[in-house]
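Please build the complete structure, drawing on both the sequences and the hints.
Protein chains: 4
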Amino acid sequence: MNTFGRLFRVHIFGESHGKAVGVTIDGCPAGIPLSPTDFEADLARRKSGAKGTTPRKESDKPELMTGIFEGKTTGAPLTILFRNENVQSKDYSNLKNSPRPGHADFVAQQKFGGFADYRGGGHFSGRLTLPLTAAGVVAKKVCEKLKIQARLVETGGDSDIESAIDRAIEQNQSIGGIVECRIANLPVGLGEPFFDSVESLLSHVVFAIPAIKGIEFGAGFQAARMTGAEHNDNIVSTEGKTETNHAGGINGGITNGNELVFRVAVKPTSSVSTAQNTMNLQKGEVEALKIEGRHDRCIALRVPPVLEAATAIVLADLMLLEQKARRVIT
Amino acid sequence: MNTFGRLFRVHIFGESHGKAVGVTIDGCPAGIPLSPTDFEADLARRKSGAKGTTPRKESDKPELMTGIFEGKTTGAPLTILFRNENVQSKDYSNLKNSPRPGHADFVAQQKFGGFADYRGGGHFSGRLTLPLTAAGVVAKKVCEKLKIQARLVETGGDSDIESAIDRAIEQNQSIGGIVECRIANLPVGLGEPFFDSVESLLSHVVFAIPAIKGIEFGAGFQAARMTGAEHNDNIVSTEGKTETNHAGGINGGITNGNELVFRVAVKPTSSVSTAQNTMNLQKGEVEALKIEGRHDRCIALRVPPVLEAATAIVLADLMLLEQKARRVIT
Amino acid sequence: MNTFGRLFRVHIFGESHGKAVGVTIDGCPAGIPLSPTDFEADLARRKSGAKGTTPRKESDKPELMTGIFEGKTTGAPLTILFRNENVQSKDYSNLKNSPRPGHADFVAQQKFGGFADYRGGGHFSGRLTLPLTAAGVVAKKVCEKLKIQARLVETGGDSDIESAIDRAIEQNQSIGGIVECRIANLPVGLGEPFFDSVESLLSHVVFAIPAIKGIEFGAGFQAARMTGAEHNDNIVSTEGKTETNHAGGINGGITNGNELVFRVAVKPTSSVSTAQNTMNLQKGEVEALKIEGRHDRCIALRVPPVLEAATAIVLADLMLLEQKARRVIT
Amino acid sequence: MNTFGRLFRVHIFGESHGKAVGVTIDGCPAGIPLSPTDFEADLARRKSGAKGTTPRKESDKPELMTGIFEGKTTGAPLTILFRNENVQSKDYSNLKNSPRPGHADFVAQQKFGGFADYRGGGHFSGRLTLPLTAAGVVAKKVCEKLKIQARLVETGGDSDIESAIDRAIEQNQSIGGIVECRIANLPVGLGEPFFDSVESLLSHVVFAIPAIKGIEFGAGFQAARMTGAEHNDNIVSTEGKTETNHAGGINGGITNGNELVFRVAVKPTSSVSTAQNTMNLQKGEVEALKIEGRHDRCIALRVPPVLEAATAIVLADLMLLEQKARRVIT
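Residue numbers (the numbering used here), protein chains in the order written: chain A, 1 to 330; chain B, 1 to 330; chain C, 1 to 330; chain D, 1 to 330.
Treat the hints loosely; a few may be bogus.
Any copy will do: because identical chains look the same in the list, a pair fits if it lies in one copy or spans two.
[Stated by the list, open to error] Dumping the calculated DMTMM-like pairs for lysine to aspartate or glutamate here, alpha-carbon to alpha-carbon at most 25 Å: (1) Lys-90 x Glu-70; (2) Lys-145 x Glu-40; (3) Lys-141 x Glu-40; (4) Lys-290 x Glu-162; (5) Lys-51 x Glu-170; (6) Lys-72 x Asp-42; (7) Lys-241 x Glu-287; (8) Lys-96 x Glu-70; (9) Lys-19 x Asp-38; (10) Lys-19 x Glu-63; (11) Lys-283 x Glu-239; (12) Lys-51 x Asp-166; (13) Lys-51 x Glu-230; (14) Lys-19 x Glu-58; (15) Lys-61 x Glu-85; (16) Lys-47 x Asp-166; (17) Lys-241 x Glu-285; (18) Lys-283 x Glu-70; (19) Lys-47 x Glu-292.
Because the hints were derived from the structure by calculation, they are not lab data. Note that this is a predicted model, so its numbers are computed, not measured.
Here is the structure:
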């Protein structure tokens with residue numbers, strides 16, 4: 001389903017080329033000041049337009065439809081709507097028969113019996129990360145003491161990101177990347193052992209972001225190559241501070257008071273300029289498919305604010321669960 | 001919480017050194033033949049005893065307490081209990097003041113206000129993977145057409161696993177590893193876009209397994225270093241079969257009919273023989289802690305059946321959701 | 001929270017005097033034809049305007065924002081929006097200090113720390129039954145084989161409803177009523193023992209309708225005065241048909257194949273013309289409060305379509321759970 | 001499913017004539033003193049043995065299996081088991097073909113494809129109210145400031161309960177009754193508008209108790225016969241105290257600080273001594289069925305502690321949600 005969270009619950013909806021995309025947040029505490037300008041910074045970071053991103057231009061203006069009164073949250077469901085304005089009238093119906101490699105076209109049609117909206121990916125579109133990012137803006141306000149920062153640390157295998165993008169443009173290729181997220185000021189004790197471990201909850205939401213194919217916490221996959229004596233973090237304060245942070249701030253599924261650190265792998269944009277083979281479902285034969293238009297060279301460039309939002313959504317929920325569940329922020 | 005699933009719901013409970021560990025499965029279809037012997041194979045694979053594993057010996061006999069009648073599931077909640085028999089009477093109370101590095105001792109006491117059962121890790125213990133594995137046995141029966149197989153593909157950075165274990169024993173060290181899971185015979189269409197993507201659900205349960213620090217699907221972290229043209233899987237049949245499988249069998253969060261492939265990183269066992277520094281919470285000073293007893297050299301050896309169980313729990317739920325939700329398997 | 005359902009999930013949002021009220025339905029099967037005209041009949045039945053109802057006039061036009069493509073549901077979340085148009089600009093701020101007896105003004109302000117939207121009841125308003133009724137229209141399509149009919153069987157203690165309304169208008173009073181709902185063509189086997197009994201689920205949603213203060217199934221409160229021999233329904237067919245239907249179509253929480261019958265008690269409209277005492281929270285003294293404007297004489301008149309909607313929401317979910325959970329209606 | 005609650009989650013399992021019935025409570029705060037003797041009072045009240053109740057004798061000794069350490073809850077799942085000891089070896093298999101009127105025999109076999117445990121009602125048995133009552137004992141500790149009291153106010157249509165029972169025994173009949181529950185010391189603000197209204201949540205759990213056929217809050221069905229001016233409760237203190245309490249302590253789904261009052265209708269025991277007609281499913285013909293053994297004359301006698309438990313489970317959850325969600329009671 002399109003819902004996540006226990007106390008701070010996020011519901012997303014919408015399609016790339018329909019009327020709108022949006023989000024309803026249920027369980028948001030009352031009394032939080034909120035205005036459209038609060039969304040500007042993160043939405044701008046997510047927006048296309050920079051070198052390496054798609055030129056689809058949307059104003060991305062959030063309409064605060066419900067749950068707001070006199071500039072503050074009321075405790076009632078908060079619905080934020082984004083109209084789709086820059087939707088091209090071109091014909092997308094060929095996607096129904098010629099599913100794009102790397103995209104969800106094939107599975108969407110199969111799963112929904114041919115009734116899925118295929119225009120621009122429909123409900124599967126990366127455009128749904130817009131309401132997700134908006135929900136993150138609200139979530140960040142709920143857990144405002146935390147410092148959540150994601151950044152692209154590598155793209156196309158290169159940590160010099162500027163040059164990697166230039167190279168991709170020059171070579172007419174799309175590339176992937178690795179985004180790292182760090183969260184400071186966390187209290188000890190968020191999360192649960194087993195099914196509601198912090199890793200479980202974060203990875204659950206993170207994999208809701210299109211194009212993410214891997215996640216690792218702390219030393220992550222490197223941990224598999226360390227010895228226990230190397231990997232263990234010695235505890236050096238009564239507050240639980242550790243000398244090293246191979247655990248990435250989590251033990252037994254629960255925050256240990258150190259910085260929470262994780263990295264995600266972002267696959268290269270699936271829309272590429274070169275022709276690819278796909279099965280024409282109507283004709284029953286393989287054909288070459290060329291995807292028109294200009295696309296993101298490196299979707300990973302736009303992932304950091306979305307990843308922060310996903311993280312904030314989880315942590316806002318955990319903060320409400322653990323510290324206080326009051327509906328009013330005091 | 002200690003619950004996972006929508007239609008096939010798994011609830012785990014218990015402690016390492018309490019009376020028992022167990023699981024209740026709610027939503028299991030009626031009419032499935034089930035007897036204690038069905039659990040033997042997977043429980044034996046999970047069990048300690050092999051080279052590199054702890055010598056704690058437990059009979060691990062499942063008691064089918066409820067939900068079974070005349071050798072078949074009834075559709076009512078199925079509770080499976082495992083008595084803890086081989087619990088040593090030794091004093092664990094020092095763990096309360098001297099939390100072991102890499103373990104959950106510190107966070108458990110902090111989170112639960114000093115009331116957590118600290119003996120052998122209490123509810124945080126890896127022993128809880130026993131009822132998880134048992135739930136997996138039932139889940140495998142629910143989705144019996146699927147072929148779910150996990151295996152250790154690397155340990156201590158070495159794909160020759162036998163020699164890596166020997167080396168770890170010789171050097172008196174604990175080591176980590178990488179476990180790969182492959183699922184064949186999946187239908188197209190399991191999972192949802194966004195929050196209930198197959199990656200979201202699988203990673204959610206997988207990170208409930210203690211010691212897992214990373215997960216990647218298909219090409220995973222390597223995908224971040226590929227171009228789109230390299231990474232995209234060309235579709236070559238009307239059933240969605242692809243030439244390559246960099247996506248790991250999932251597009252847009254939904255199974256695409258190809259083999260589902262993912263890998264997890266297992267950290268080295270945290271209980272090591274050498275002395276480590278930790279904070280003595282009572283004295284307020286750092287002290288050297290030496291953990292007595294014999295422990296797993298490589299917990300990753302015991303992960304494959306647990307990982308299969310986690311996978312089966314997710315897929316049983318998705319199969320019931322997508323294909324039929326009837327209470328009776330016909 | 002503002003959510004109900006397991007597979008067919010309904011999320012309501014909005015305020016009486018804000019921009020809009022609306023609903024998102026997640027889990028609606030794909031391929032269901034749906035257009036704004038489908039909503040007309042039930043929305044008209046719910047609408048004010050008849051004798052005994054409030055003269056607030058709203059066009060109540062549903063905007064199908066998402067989840068629809070080419071006139072059919074897509075399987076993606078379906079969001080339906082209703083703009084609030086006929087919102088009077090009058091000042092409601094006195095409600096914050098002088099809570100109306102019988103209304104939620106007092107609890108809303110207390111619960112949400114003074115931040116609740118108090119205009120016309122805000123999120124607590126009966127206007128939220130508009131999106132609930134819209135969700136019911138969709139739900140009825142999902143379980144279209146069922147025949148769900150609710151009607152007002154008594155108002156002001158009188159089964160001659162026309163004359164009771166006339167009397168209430170004449171005497172300048174508001175009155176309550178009893179609404180009965182009958183559902184035919186139900187299969188045997190919907191619902192679960194205990195927490196997901198059909199009575200549990202129906203009453204859960206029914207008490208979400210403002211003004212409902214009681215519910216009884218079958219013989220209901222009369223059953224408490226019968227003997228077992230009188231109350232038991234003899235089974236007279238292999239399909240489970242019974243001679244009598246004191247159980248109201250449910251045994252052990254599960255539909256038994258007979259007509260499902262329940263009745264609800266609707267309290268009299270809380271907005272009355274005569275002055276009432278309330279506590280002025282600012283002054284700390286009891287004062288007489290006179291509520292201006294014209295209001296429903298008998299809100300029970302408008303309950304039947306809302307009750308049908310609540311019922312359809314539960315039954316659509318149970319039908320999907322029990323018969324098939326496929327996303328596509330075939 | 002067999003689960004209820006958001007933070008304080010109750011999972012029940014077991015069968016009347018299987019090995020055991022039990023409950024797991026997840027989300028119980030840590031640090032609550034708990035021993036088997038704490039259960040004695042409520043379990044004794046629920047127990048059979050009094051005049052008018054069945055003579056099945058069970059020791060009903062709770063085994064605290066998990067979640068307890070050194071006499072206190074740990075914050076981990078709390079599993080409480082009750083062995084079935086006094087299970088008679090008689091043959092129940094005729095119930096499969098000759099479903100008892102008023103019981104769940106027919107629906108259980110239909111729903112679960114003939115695999116349900118039919119002995120003594122199996123999982124549908126009133127014996128499941130034993131773990132429910134045990135969960136209530138724990139819940140009462142979580143919300144110990146509340147005073148929750150249920151009592152039988154009428155049976156067989158008579159408020160002189162003693163004489164009604166005597167009459168039922170003399171006339172060899174089973175009778176129903178009405179149980180009233182009152183909760184004092186509630187804070188203002190528990191519950192939510194709409195789907196999580198206090199009425200919704202209470203009725204949800206209350207209808208999980210077998211034999212309940214109706215529920216009404218405050219004036220309840222009488223409210224349908226009152227005028228608004230009569231029914232409205234004037235507010236007479238800044239804490240929300242009202243002159244009358246027709247609302248039963250709830251406005252807009254939320255506790256208003258007054259006593260919460262509700263009543264439930266309990267049907268007469270379905271097991272009666274006289275022969276009844278039912279359909280023999282094997283022969284396909286109606287036959288007279290005589291139910292052997294001795295049964296409760298008036299199951300309503302045993303309902304009060306179960307109703308208190310249901311109420312406490314809801315209120316413990318709401319108290320944790322609203323006031324603090326900390327895992328530790330301080």
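We went through each hint and held it up to the structure:
Taking CA atoms no more than 25 Å apart as the test, Lys-90 paired with Glu-70 passes between copies only; the shortest distance there is 16 Å, against 42 Å inside one copy. In this assembly of identical chains, the alpha carbons of Lys-145 and Glu-40 lie at most 25 Å apart only when taken from the same copy (20 Å versus 47 Å across copies). In this assembly of identical chains, the alpha carbons of Lys-141 and Glu-40 lie at most 25 Å apart only when taken from the same copy (14 Å versus 41 Å across copies). When the C-alpha separation of Lys-290 and Glu-162 is checked against a cutoff of 25 Å, the pair qualifies neither within a copy, at 27 Å, nor between copies, at 49 Å.
Proximity of Lys-51 and Glu-170 under a CA criterion of 25 Å is satisfied intra-copy only: 12 Å inside one chain copy versus 54 Å between copies. With identical chains, the CA atoms of Lys-72 and Asp-42 are at most 25 Å apart within one copy only, with a shortest distance of 20 Å there and 34 Å across copies. Taking identical chains as interchangeable, the C-alpha atoms of Lys-241 and Glu-287 lie at most 25 Å apart only when they sit on different chains, with a minimum of 14 Å there against 58 Å within one chain. Only between protomers do Lys-96 and Glu-70 lie at most 25 Å apart by alpha-carbon distance; the minimum there is 14 Å, versus 46 Å within a single protomer.
When the C-alpha separation of Lys-19 and Asp-38 is checked against a cutoff of 25 Å, the pair qualifies both within a copy, at 23 Å, and between copies, at 20 Å. For a Cα distance limit of 25 Å, the shortest separation of Lys-19 from Glu-63 qualifies both inside one copy, at 13 Å, and across copies, at 10 Å. Only between protomers do Lys-283 and Glu-239 lie at most 25 Å apart by alpha-carbon distance; the minimum there is 13 Å, versus 66 Å within a single protomer. In the homo-oligomer, the alpha carbons of Lys-51 and Asp-166 lie at most 25 Å apart inside one protomer (9 Å), although the nearest pairing across protomers, at 52 Å, exceeds that limit.
In this homomeric assembly, Lys-51 and Glu-230 come within 25 Å of each other (Cα to Cα) only across copies, at 22 Å, whereas the closest approach inside a single copy is 41 Å. Proximity of Lys-19 and Glu-58 under a CA criterion of 25 Å is satisfied in both settings, with 13 Å inside one chain copy and 23 Å between copies. With identical chains, the CA atoms of Lys-61 and Glu-85 are at most 25 Å apart both within one copy (10 Å) and between copies (22 Å). Proximity of Lys-47 and Asp-166 under a CA criterion of 25 Å is satisfied intra-copy only: 19 Å inside one chain copy versus 53 Å between copies.
Taking the shortest alpha-carbon separations for Lys-241 and Glu-285, only the inter-copy value of 13 Å comes in at or below 25 Å, while the best intra-copy value is 60 Å. In the homo-oligomer, the alpha carbons of Lys-283 and Glu-70 lie at most 25 Å apart only across protomers (24 Å), although the nearest pairing inside one protomer, at 58 Å, exceeds that limit. In the homo-oligomer, the alpha carbons of Lys-47 and Glu-292 lie at most 25 Å apart inside one protomer (21 Å), although the nearest pairing across protomers, at 49 Å, exceeds that limit.
The earlier numbered hint that this structure contradicts is number 4, and it is the only one.
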